[in-house]
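Residue numbers (my numbering), protein chains in the order written: chain V, 1 to 166; chain G, 1 to 106; chain C, 1 to 644.
These aren't lab readings, by the way, just hints derived from the structure by calculation.
Model, not experiment: these values are computed from the prediction.
The reader is advised that the hints may include incorrect statements.
In silico DMTMM-like pairs for lysine to aspartate or glutamate, Cα to Cα no more than 20 Å straight-line [as the list claims (entries may be wrong)]:
| id | chain 1 | residue 1 | chain 2 | residue 2 |
| --- | --- | --- | --- | --- |
| 1 | C | K374 | C | D313 |
| 2 | C | K501 | C | E66 |
| 3 | V | K24 | G | E97 |
| 4 | C | K508 | C | E66 |
| 5 | V | K24 | G | E100 |
| 6 | C | K170 | C | E119 |
| 7 | V | K134 | G | D63 |
| 8 | C | K508 | C | D215 |
| 9 | C | K170 | C | D215 |
Taking CB as the label site, the calculated pair distances span [claimed, not checked]:
| id | chain 1 | residue 1 | chain 2 | residue 2 | range |
| --- | --- | --- | --- | --- | --- |
| 10 | C | V597 | V | S147 | 53 to 59 Å |
| 11 | V | P142 | C | Y622 | 25 to 31 Å |
| 12 | V | M1 | G | D63 | 54 to 60 Å |
Yeah, the Cβ is synthetic: ideal placement off N, Cα and C, and Gly gets one too.
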Amino acid sequence: MDAILFLIFAGIAVICGLNLVLQKHPISSALSLVGVMGSLAVLYLLLGGEFISMAQLIVYAGAIMVLFIFVIMLLNAGTERPSRRRLWAQYAGVPLLAAMLAIAFYIIQRALPPSPGVHFGAFQHGNPFDIGIKLFENYVLPFEVTSLLILIAIIGAIVLARKEIN
Amino acid sequence: MPQLPSAAPLSWYLILSAILFVLGVAGFLFRRNIITVFMSIELMLNAVNLSFIAFSYQLGQNDGHIFSFFVMVVAAAEAAVGLAIILTVFKNRQTLEIDEISSLKN
Amino acid sequence: MQTSTETLLASQQLWLIPILPFLGFLLNGIFGKRLPKAAINVIACGSVLLSFLWVLKTLNALGSLETPYVEHYYTWIQSGTLNISVDFAVDRLTEVMLLIVTGVGFLIHVYAVGYMAHEGGYYRFFAYFNLFMFFMLILVLGANFLVLFVGWEGVGLCSYLLIGFYFLEKFATDAGNKAFIVNRIGDYGFSLAVFLIAIHFGSLDFGRVFSQVKDMPVESSPGWITAISLLLLVGAAGKSAQIPLYVWLPDAMAGPTPVSALIHAATMVTAGVYMIARSSQLYLHSAFALNLVAIIGVATAFFAATIGLLQNDIKKVFAYSTVSQLGYMFLGLGAGAFSAGIFHLMTHAFFKALLFLGAGSVIHALGGEQDMRKMGGLARKIPITCVVLFCAGVAIAGVPFTSGHYSKDAILDAAYTLSPWMFWLGTFTAFLTAFYVFRALFLTFFGEYRGTYGREPVHEHSGHGDGHGHGAIHESPPIMWIPLAILAVLSLVGGFINVPKFLEPMFKLSEGELPSFVSLGPMIAGLTGIGLAYVFYVLAPKVPEQLASAFSGLYVLIYNKYFVDELYDATVVRPVVDGSRTLLWRTADAELIDGTVNGIGRTASGIGGVLRLLQSGFIRSYAAWVVAGSITVVLVMALWGGSR
Chain V
1 MDAILFLIFA
11 GIAVICGLNL
21 VLQKHPISSA
31 LSLVGVMGSL
41 AVLYLLLGGE
51 FISMAQLIVY
61 AGAIMVLFIF
71 VIMLLNAGTE
81 RPSRRRLWAQ
91 YAGVPLLAAM
101 LAIAFYIIQR
111 ALPPSPGVHF
121 GAFQHGNPFD
131 IGIKLFENYV
141 LPFEVTSLLI
151 LIAIIGAIVL
161 ARKEIN
Chain G
1 MPQLPSAAPL
11 SWYLILSAIL
21 FVLGVAGFLF
31 RRNIITVFMS
41 IELMLNAVNL
51 SFIAFSYQLG
61 QNDGHIFSFF
71 VMVVAAAEAA
81 VGLAIILTVF
91 KNRQTLEIDE
101 ISSLKN
Chain C
1 MQTSTETLLA
11 SQQLWLIPIL
21 PFLGFLLNGI
31 FGKRLPKAAI
41 NVIACGSVLL
51 SFLWVLKTLN
61 ALGSLETPYV
71 EHYYTWIQSG
81 TLNISVDFAV
91 DRLTEVMLLI
101 VTGVGFLIHV
111 YAVGYMAHEG
121 GYYRFFAYFN
131 LFMFFMLILV
141 LGANFLVLFV
151 GWEGVGLCSY
161 LLIGFYFLEK
171 FATDAGNKAF
181 IVNRIGDYGF
191 SLAVFLIAIH
201 FGSLDFGRVF
211 SQVKDMPVES
221 SPGWITAISL
231 LLLVGAAGKS
241 AQIPLYVWLP
251 DAMAGPTPVS
261 ALIHAATMVT
271 AGVYMIARSS
281 QLYLHSAFAL
291 NLVAIIGVAT
301 AFFAATIGLL
311 QNDIKKVFAY
321 STVSQLGYMF
331 LGLGAGAFSA
341 GIFHLMTHAF
351 FKALLFLGAG
361 SVIHALGGEQ
371 DMRKMGGLAR
381 KIPITCVVLF
391 CAGVAIAGVP
401 FTSGHYSKDA
411 ILDAAYTLSP
421 WMFWLGTFTA
431 FLTAFYVFRA
441 LFLTFFGEYR
451 GTYGREPVHE
461 HSGHGDGHGH
471 GAIHESPPIM
481 WIPLAILAVL
491 SLVGGFINVP
501 KFLEPMFKLS
511 EGELPSFVSL
521 GPMIAGLTGI
531 GLAYVFYVLA
541 PKVPEQLASA
551 FSGLYVLIYN
561 KYFVDELYDA
571 TVVRPVVDGS
581 RTLLWRTADA
591 ELIDGTVNGI
601 GRTASGIGGV
611 LRLLQSGFIR
621 SYAAWVVAGS
631 ITVVLVMALW
641 GGSR
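Here chain V stands alone, though its shape is the one from the complex:
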């Protein structure tokens, strides 16, 4: 059962990812990305991360992607025109990526110790309670720092995106 669920949602994720790369219009890419995030959320659930799964849906898919779509609409980004010239990166990119994938597969297969497999419910510590304890006991400092980071980001965004005052 877990395997089938995994395969379905993994498939959805891969198809949406391919869609993101291959679509011409940014809006289509954005919606594909939302699809990826959604399927990943399910996979997180399978892996026992309830909190993260919900956070993914709320923060990532719900806020960040909405922001993306706002900006796409604002800028009225149209369909991408085919490029006039080809960069060497585009020629080199395919083999590079293939190499990357191959290496990743190789390492995963060789280096990973054998495990029994992922059973839904085998991981008990993904609940908010445990996460919260971990977060505020061991990782308080990074927590505070990231809040500062968000503050900086807010200020940056405001400064960058405001209208000129003439």
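Given chain V's structure and the hints, the job is docking chains G and C onto it.
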């Protein structure tokens, strides 16, 4: 039809993560619209998140979840600022083509 | 080195002796531009006078020095077993030198106040003059070879600065260069000698070195003692203008006359003589070197005297005379009579300084004229100068009872003991000396005035400054002739200061009977010379010209100084200059070194040009590079490392 295992082994999750990551890189290299490039970056981050959670499952501790949480926070901040930058660039150059933004040439 | 004398007396503050002129140099050098002339004079002359008085006071306090009095200041070099410190030492030889340097130096400073009164760069002149005194005193007071060398080099520097004082004239700067470069050759020999001394004796201190040498048996002295002596001789030959390094001294007349008097007559050129006298122990242990000193001395004396016979520039005559008299001093040293050499050094300081200063007085009176063919009949117009110059003349000729007679006699006595041919050559040179000096004097003061000064409404300068068109030939002011008078008195009676007796504890006097012609010979030669000069230049002025045309070949040879300068130019100077220019400058410097350095620059810029292409400005290519890089890193880590 090969016999499916009852539960997906962890390596499959990691392979999925790798595939998504490579897709993100591909989008970064081959797309010309800035916003699409940005979204590819987000895809890469998601792939990494997945691998964090997977390893966290294997180790039996929820530190990976914490990491993933922080990654999300940082991705949010980055998205905000990055989109603001894109807006500014658009205001100045009226284009969203990534190849046009090459003032740092040479 | 503590001596019994030193422990009894309080410290004499020997350092004051050179420091006072040095302060004069600093004050005049830094502030001189803004000071009035009177202040500059007081500082310059006053510092030397104070130094002289301090010398007198020190000599009085030290009493009769049997052993040297040493003052130790600080340790300069401490390297392994070699320990060199800054020490000053005074013994009888030093006392003689100190008195000469400060005394005659003071008189010349006073004279220079008058002579340079109308010159530009007034404060600079006196600053350099004081600096020279400082270095010369360090040279004389030094208690080891290195301190002496500091003074040695320093006086060479001041000589260069003062010869090239009129630095806008090319021949003056050329002369300064020549002096310095030729001196350098001598200094090279001196340095090598110092190294050898340090190696073999383990110290440069005079006391230590010479006491070690003294203990060596004379007959079986090692070869390196000869080597050291010869190298020191090279240094002395450079500084004291002996063959073959004398060529700079006649050209040094380009400097102002007080410079010629002080540096090139009385003090600097005597440094070589002093140094050899100081190192007498070394030379006594190497008969070969000592003989060579005498041979070079007598050869130089004769050679320079012949050149001096035909010169027309009054200063050049006296310059060659200096070279010749220095040869006499070397002859005295080489004959083993070190005290005779020093005695002649002292008397020579008196009459040669007087000759130069007197010549300066003549030049000053004539508004810058130096060619004797344009002088004559000045005896009535500048009587004081005439009288004092004749005093110097009789002294240098060795007329009995003058100072020059006693010192020259002492030298020639010793020369006869060494080898008779040197005695005869020296006596003949004495004849020549008397002849050319009185030739100069008669041409200048007797007969009819052949020049044009004072007869034209406007006169033009010759190249040597001193143009203050008074329009009439007049005597020098008192500030100039009073020092001359003092020097004249010293030239006449200075011989009664029995220097050899004074130096006896240091340099043994020779005993023995000498044939009577040995003491009569020089006297007769001198008087004959004066007489012949009188005949040639007063009674029968046409005779010299007739002789010159009769022996025209010889005349041309001697008049052109035997073409020595041209010979040096062709054999040494031109090859070095041309070789440097083509080989070293063009090839080595311009092509090799510049090429390498520029090549490195070009390579760096080339590499930069290639790397620049990375910065294409396209973000996607950057991304591709990042991907490639990360793959590489992962590969490397997976295959060869990582933490597992």
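Hints, one by one, checked against the model:
{"no.": "1", "hint": "K374/C x D313/C", "result": "holds, 10 Å"}
{"no.": "2", "hint": "K501/C x E66/C", "result": "holds, 13 Å"}
{"no.": "3", "hint": "K24/V x E97/G", "result": "holds, 13 Å"}
{"no.": "4", "hint": "K508/C x E66/C", "result": "holds, 14 Å"}
{"no.": "5", "hint": "K24/V x E100/G", "result": "holds, 18 Å"}
{"no.": "6", "hint": "K170/C x E119/C", "result": "holds, 18 Å"}
{"no.": "7", "hint": "K134/V x D63/G", "result": "holds, 8 Å"}
{"no.": "8", "hint": "K508/C x D215/C", "result": "holds, 17 Å"}
{"no.": "9", "hint": "K170/C x D215/C", "result": "violated, 53 Å"}
{"no.": "10", "hint": "V597/C x S147/V: 53 to 59 Å", "result": "holds, 56 Å"}
{"no.": "11", "hint": "P142/V x Y622/C: 25 to 31 Å", "result": "holds, 29 Å"}
{"no.": "12", "hint": "M1/V x D63/G: 54 to 60 Å", "result": "violated, 28 Å"}
Consistency with the previously given hints fails for numbers 9, 12, ordered from lowest to highest.
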